[in-house]
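Residue numbers (the working numbering), protein chains in the order written: chain A, 1 to 176; chain B, 177 to 289.
Source of the hints: derived by calculation from the structure; they are not laboratory data. There could be a bad hint or two in this list.
Quick list of the computed label-pair ranges, beta carbon to beta carbon [claimed, not checked]:
hint	chain 1	residue 1	chain 2	residue 2	range
1	B	211	A	91	19 to 29 Å
2	A	110	B	181	51 to 61 Å
3	A	77	B	209	44 to 54 Å
4	B	208	A	113	19 to 29 Å
Some chain B residues close to chain A (C-beta under 8 Å, calculated; not the full set) [as the list claims (entries may be wrong)]:
hint	residue
5	187
6	197
7	243
Every beta carbon over 10 Å from chain B, so not counted as near; a handful from chain A, in silico [unchecked claim]:
hint	residue
8	13
9	23
10	40
11	64
12	65
13	75
14	96
15	104
16	141
17	143
Idealized CB from N, CA, C, for every residue including glycine.
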Amino acid sequence: MKAVRTTAHIRSTVESWYRQHGPALLLFGIALAGDRDRAQDAVHQIFLKLLEHSDLERIAAVRTYLFCALRNTILTGVRRQGRDLALEQADGPWFESPNRDYVEELSVRRALGGLPEDQREVTILHIWGGLTFAEAAEVLGINANTAAARYRYALAKLRDTLSAKKGVVASERPNG
Amino acid sequence: MDDHRIEEYLKSFRPLSPAPLPRPGRQWRLVALAAAAALVIGLLVVPRSRRLPSGPAVPEPITIGSANSLLATSSSWKEAIDDAGFAFRSSREDVAPFSRSALEFLSQEDLSK
């Protein structure tokens, strides 16, 4: 009976983590793998491994652990298959766009895709993953100051790209 | 747009949710189902194939002695004939593979002599 309770407890804990962090992990996975299916598989893989763990309490920083595990899983798979990352292959939306504006969603996706990989990683981890620069740095294996610097560069580029795009989009629409 | 506004703008785009987490036991269940199906099919097919004859039965030669002993032990002629398996025995003898027909033999005869 105790074993059943423990299994149910692990399952509910892992599922709550999945609901909470799954979307940001999938986004991070797509940005890393360049392919939605591979990212989805990797996310499932790390959570299914967690279900086999009986000592979830030992995971101190859940978010950092999950993003770190996902990054290792994807990069190990990429190295094993000897393939280069090509973000252009990642078709389909990445976001639920506010007001269902698919043009804006595409603009954000392209702006993110246009960033260098190291800047894109830290941007996704900080904005959508909710990680601090110290936590993002731990995931990426870099210094916290480096993570913060990369984020500042990325944000400046995103601002320029999206401001220009927003201007174009606004001028294309008769009512604004 | 300042940094704070661009951050807020980006956060307004919410990442899509991943597909539901698969149940870890489901694969094992599928494997177990496939194994059970294979077992049932095996149990249905194997006894049937065992019942099928593997090749033509070689009839035992009937001798006068064996026919006499059959007649002595059987209560009637019909039973003795059934027991000996006459009804199912082929009457055709296998033809030797190199034997020739009479017509073939005669056609090769030199009539000019």
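Quick rundown of the hints versus the structure:
| no. | hint | verdict |
| --- | --- | --- |
| 1 | 211/B x 91/A: 19 to 29 Å | violated, 38 Å |
| 2 | 110/A x 181/B: 51 to 61 Å | violated, 20 Å |
| 3 | 77/A x 209/B: 44 to 54 Å | violated, 29 Å |
| 4 | 208/B x 113/A: 19 to 29 Å | violated, 44 Å |
| 5 | 187 | holds, 6 Å |
| 6 | 197 | holds, 5 Å |
| 7 | 243 | violated, 76 Å |
| 8 | 13 | holds, 12 Å |
| 9 | 23 | violated, 4 Å |
| 10 | 40 | violated, 6 Å |
| 11 | 64 | holds, 18 Å |
| 12 | 65 | holds, 17 Å |
| 13 | 75 | holds, 19 Å |
| 14 | 96 | violated, 5 Å |
| 15 | 104 | violated, 8 Å |
| 16 | 141 | holds, 23 Å |
| 17 | 143 | holds, 21 Å |
In this structure, the hints that do not hold are numbers 1, 2, 3, 4, 7, 9, 10, 14, 15, in rising order.
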